[in-house]
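**Student:** Reconstruct the complex from the two isolated chains, following the hints.
First to last, the sequence lines map onto chains R and H.
First residue of the first sequence: 1, per my numbering; consecutive thereafter.
First residue of the second sequence: 1001, per my numbering; consecutive thereafter.
Treat each hint with caution, since some may be false.
Said to hold, decoys possible - Cross-link-like lysine-lysine pairs, in silico, DSS-like; alpha carbons within 25 Å at most: (1) R:K190 <-> H:K1142; (2) R:K190 <-> H:K1083; (3) H:K1114 <-> H:K1083; (4) H:K1110 <-> H:K1085; (5) R:K161 <-> H:K1142; (6) R:K190 <-> H:K1085; (7) R:K91 <-> R:K161.
Quick caveat, the hints were computed from the structure, so don't treat them as lab data.
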Amino acid sequence: MVRRSRNALLSLPFYLWLALGLIGPIAIIVVTSFLTRSPFGQVEWTFTLDAYRTLFDYLYLNLFMRSLGLAAGNTALTIAIAYPVAYYLTKLSPTKRTWLLTLILIPFWTSFLVRVLGFMEFLRLEPLGIKLLYTYFGVLLSMCCNYLPFALLPLYAEVSKIPRSVIEAAQDLGATRWQIFTRVFLPLSKRGLIVASMLVFIPSLGEFLIPDLVGGGRVYGLGSFLQNQFLSARNWPLGSATLSLMLIITFIAAKFFLNHESENEAMR
Amino acid sequence: MSGLRPEGLKLEGLTKTFVSDDGRLAGIKNCDLSILPGEGFSLLGPSGCGKTTTLRLIGGFESPDSGKILHNGQDITHAPPQKRKIRTVFQRYALFPHLSAFENIAFGLKTQKKSSAEISKKISEMSEILDIRHLLKRSIDKLSGGEQQRIALARALVTSPDILLLDEPLSALDLKLREKMQLELLELRKQLGTTFIFVTHDQQEAMVLSDRVGVMNQGQLLQVGSPEEIYFKPKSKFIAHFIGQTNFISADFISRLSGEREQILKFDYKSPEWMIRPENIDMRPLGTKIRDAHVGIEATVAEHAFLGQDRLTKVITACDKAILIKTPSHEKIVAAPGERALIEWEIEDTWCVEAETRS
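Okay, chain H solo, but in the shape it has when bound (with noise of 0.2 Å):
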């Protein structure tokens, strides 16, 4: 990426093990990344996987083991939070709870021994951009927890950090609530120009809210890319089966479908494992000429679930396999429990997950 550039933020070879509560090895393991200045990132992944980790050794809570961490060309490896342009917004907020709200705001600027004319004026115009006026005289326990989690970024934000950390921001937070934040932290970021690490383990929030995201397991960052990169083209099954829904299929199982013979050619049949998302499945009836530069098969529909906005249905092959199909609920369905209908997708959207075998 920019790794000539000295901007943003650069971990090389970033290694912390520890053991955890519950006697695991935990940790990450041999981390590079670098994250350009005002860049969106995520990192993703189960819980144990390191990214907690990954993230308190950027904020300074944490020492690594062996590796660096650069800022703008500076090491900051072992530089104590204190003297790190980075903020953190903490999972449960971390509010100071015997203070008010804009005495909670207000710390970081008084540690930076700000007048109180200047401290006004800034808490004063994060406050508008947050929408958090009418909130400042409130104490902590006063507040609920959406307004708790905008003191929290007012007080990250207002002393105008390179970079902000945010450990799960919105999972303590209900579904609408969720989404309104989700597209007020996109602004957010646009309108300061902060770059806004993410630690999430919720796979849609992590692509709609960064411009790439890191998926890690095991304390390995396993693949980075933008949210679309690793949705269509996960480096392995591992990602795949993280991120959304997905039909694995075998190369035994693409030497059964039907379409133009070239077509089917392109497959590397050494290659063991494919995938091909739900989305991705259209469902014609039976009889219909498969298209070009698409393959199918005749499946059984077995049911339908209605979800909303969109449709899923499980089909069952000739050869037993259960493969699922998501359509817009608002298209006819074709074929009811019971029938058949032949299903076909386009062969470029079919993804081999295990990259290194790949052609």
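So that you can see chain R by itself, here it is in the shape it has in the complex (with noise of 0.2 Å):
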């Protein structure tokens, strides 16, 4: 007894935590949402479904799938250089390998918005010699070279753990190398490949900086137009709808995600 109320103690300042910095301010924004604009930019204590209703508006609904198109463009192509990454890393010798990670992570050690202003000057040298800043494709390129080590990390740790033994048996078993990639390695390395898309994908639908500055507001996501219902167009019950609808869809990817985790926790 006197240790579980221990214990329970010791998780007193997370839950107080999570009271006051998650649960608190999700439940002013599900309750903004269903509020009234005042013709000021205020919000009113009154009912209404109106928020919502300008939402499924199909203008707002095109704005979500271009978000959602981002974000999992961003994911496939960051999963797309990461995984090839992940096994040279495991090829390599332990110095070499520490060296490269460290020159992976280094650039996280500066601040966020160095590192976009920063990519910026690059794009701005069109390095491809295409004009690359102030398009989409150049902040497909920005937030993919800014979520890599968030896909590199989980994979490299997944792969690491495949042994060269097994991938030996499958030779020796007669596959060729799409055979030994997609009925060995790939199911073998299913778990960081989930993880990876997870960590990309989730934050980058709420992604608004990279695609502001880098896209110079041609590329507008749902970070910007979020952004915008509480700064500059003082819309809060709007802004709020949006963002409870992106927690629902955090919350169903990240739920499938999990899902798919556990269940092969479960065949292990």
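**Tutor:** And the structure:
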């Protein structure tokens, strides 16, 4: 009994933090989303579904789809780059591997804003010989560059656990390179892929700084829209409704990934 | 051996060197070897002797620096593992953890594009032979070490390879299971007619499992022969030392032995190093006459050790030389510790371990 109450006491700060920092704001957002915007941009205590009605308008749904598309595109691109690198890392000697991992992580010791501004200067040089700054592709590249470690680390952790002998066993049994990849390598690194996708997809859904700065306002995503509702347009109910919908989408996505995870866990 | 016949596996001057993880130069040097179809062959040696490298070269996981590998007369030196009719049972079995036992066994058949009816039929036959029918639906981590090994064997053998390579196949099993599996592997080979090539550091395992044994050390194949040859007629002191217990005796010691003069003269005194196995030595009561064709010496018993089946006795001779004697434990003890006895052995059992100086 004593131990249990002590454990409860130890977890108390966490629950307090959760209540103040997460549950509280979410509750405020959800409540606000059902309220009315006064003509002067204030919130009035009158219940209405107006915000949601506006949201399900074609224009806003389109916005949602575009943000989902950007997040999905970023996830796909990031993983397509991180996956081979993760495999390459497992082939290196421990010294070289540590060096490479450090090089990959060093930029993350600088401020996010500085990194984005720096990347913009890089894009301005048009390294691929085409205009990149203030384009959709430029935004995608910049996001990918920022999210790469979040995909690389879980992928590397999973790929490095695949024993070489298992790959050799597949070769021994006559599997072609493609068969080895699809029947052995891919299923054995599935967990890493799921975690990496989750870590990239969910935060990039609400990303607004990169589309805003790198896209120069031309790549208008949910993030920018939200920022506008709260700061410029002062339509808090609409902003809150958007946020609520995003929370639901995020929740479903997280649930989907985590279910997969626990299924795998059960299989092991 | 069968140098003219194209059948079987032939290694010619195979060389592969590399720097191992701990910075040493490892690999094999100029290895020549012929293995007959259906033969059970063991590569035996201490760790780092090059036996695993040899196996990996045969399996196609490494490419040699020089030399050739011929399989049924065909040069497969640089063929990838996929293109060889050779399968491997890996040391830790290397089963696919995400597949069931059945799917593991089916893997090699699927890459051969066999129909599902044929796959089922072949797996069913193989599970009968290996007695694994009840394991097929299980996932790999629900299997014990011994069960995993059977699945690994089935996975390799179901594709009907000419040659099966087994890397320390029994090292992960406990003693009882190991003894059982040794006999099963023998039967399996006889039944299927597949060549089995083992890599092992366990001399007893090598002798039980194979028709011939190749002893390796420091990248060199030192001797190839039947288990009896390797055991009783080792070509060098290293082999004699590595396999079983041995008494090494010098020419100087031999000059002190008693027996008929001409019997002792049979020893070539120029050869410095001789050996006699502990089980070839008899212990008899003091004062007994040395038998014909035997040599002997008086000694004091230092201690007896009961090994179950056998008894190991350490005796000390007059010139302070310790000698080990192994006798069946059901035989009576001839002399208690501290007492003296006559030890003798048949002169033919003495073997010169420096082959090059042997007359």
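**Student:** Any hints this thing doesn't respect? Which numbers, in order?
**Tutor:** 2, 6
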